[in-house]
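Enquirer: The lines below spell out each chain.
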Amino acid sequence: MAAQDSPGEGRLVADDFDDEHGAFLTVERVEGADDGPLAGATVAVKDNISTDGMRTTCGSAMLADYVPPYDATVVERLKDAGATIVGKTNMDEFGMGTTTETSAFGPTDNPAAPGRVPGGSSGGSAAAVAAGQADYALGSDTGGSIRCPAAFCGVVGIKPTYGLVSRYGLVAYANSLEQIGPIARDVEGAATVLDAIAGPDERDATTRHDTRDDLADEYDGQHPAAATTYADAADGDVEGLSVGVVTNLVEGADEAVVENFEAALDDLRAAGATVHEVSLPSVETAVQAYYVIAMSEASSNLARFDGVRYGQSGGYDGDWNETFAKAREEGFGEEVKRRILLGTYALSAGYHDKYYKQAQDARAWLKQDFDEAFEDADVLASPTMPVPPFELGESLDDPLQMYLADANTVPVNLANLPAISVPAGETDRGPVGLQLVGPAFGEETIIRAGSALE
Amino acid sequence: MSDTDAVDPEEVRHVAGLARVDLEDDEVERFAEQFGDILAYFDALDDVPETDREADLVNVFRADEVHEGLTQEEALQNAPESEDGRFKGPRVG
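In the order they appear, the protein sequences are chains P and G. Just so you know, the first sequence maps onto residues 1 to 454 in the numbering used here. Just so you know, the second sequence maps onto residues 455 to 547 in the numbering used here.
It should be emphasised that the hints constitute simulated quantities derived from the structure, not laboratory data. Where is the CB? At the ideal position from N, CA and C, for every residue including glycine. It cannot be assumed that every hint is accurate.
As the list claims (entries may be wrong) - Reference listing, derived: stretches of chain G covered by chain P, where coverage requires no fewer than 3 residues with Cβ under 8 Å from a Cβ of chain P: (1) 471-477; (2) 481-493; (3) 497-505; (4) 519-532; (5) 538-546.
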């Protein structure tokens, strides 16, 4: 296997493998079980999800040679369901970005809008699916990292309810926000992958665990993943469905994006849904709250990268603190350093109350707002991204500008809710995605509503 | 973005020290300016109403049973250096 020089050095992609968009970091095939609901299907896996014996870099020089000795639970479940893993996909370093350009291994082109970014951070996963290199892909979504690239590449992405899918084996960026989820070319495909990966995992204490006998009295229902076949919900039946349009997330969006969004709402109305407007004042501080919380958690999570147990070594000259700081200077890219430092700042003495505590208030306020909105709506709709895909290189210089692009996706992570992005037309600059948000563990409803737009 | 928003470069160096990340001088300058803009943007959180944060959750504990874990060899396989079955680190102080 020859590493290819272009589009990024350090990729383990054979010269004869066609990867013209640069979606993959490592191409390696692992066959799954002979039968199962995913027998014969190919799946590309984001490179922050551990694969036994297959390099897992997180898009970082820090982990350029890291080979996990175990599979993430979701990978185990895909293989048990019969899927064939085809390789690991490019991503923003440690999931920190909205364009896949912060990868240490170079960018990925958008197959649906060449010359533009595929979105991020799961850009390689969405590009691989859009280009037909895999039937399905796994991404991870901390603040929109599945939905944004799905929208930009014209495919479907689902961010599950927090706790529906195990995070065991996902290299952590911000634990309280992130979930692994599927990307596919249609809603039913994404739901089929969700069926395979959802459910409690004793290795992830934050998965919902109410199938256990000793808790049967406490929860009278069955676990949603056991009681439901998500793929069956993709029946397009939205007769009588109540759709709330979050006006705060439409105002200020690009005009061409809004035109396509409105046309998709008309399609939902024509299929029997009713549409009304909802205002959620708390979303106005969602981006601020998201970045304070995500950066704070990142500063703690990424402290593990000391270059001793794994990763880029800082050598053995000098004491622990000096070599640790050197390993991290060399191993981390600029966006990762920026977030670690800002997170350290937000948690430091004298600033904790101003930033971290207030961000937690903003998070609780959002949850309250969403709860109230779901009293009158089955799903909430907005454009997934307020803008069409950026040109490659366009947004790299101004981090704050890039953070603002996450305005419509981060509220969902802060409220731990499920959301789907489905294709909703094209602008002259690339595809538009429509986001549907559901109540906690309401995956069936968003899958049903999303499938009505196909 | 005006220079008056910038954070003191010494503060960036201090935080980088706490986080154990060495920075080049030009990185310190760039971060000082960007952090000023980003922190000013975060100021909007001052207007967030105090909100009850009661999560409707219960802890679930698994049975405390011994499971198979990584072997010593597997645990060490990604270490840049190891010695006698242990991770090899720099001196502590």
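Enquirer: Take the hints in turn and mark each one as holding or not.
Expert: For each hint, the structure was consulted:
| no. | hint | in the structure |
| --- | --- | --- |
| 1 | 471-477 | holds (count 7) |
| 2 | 481-493 | holds (count 7) |
| 3 | 497-505 | holds (count 8) |
| 4 | 519-532 | holds (count 5) |
| 5 | 538-546 | holds (count 6) |
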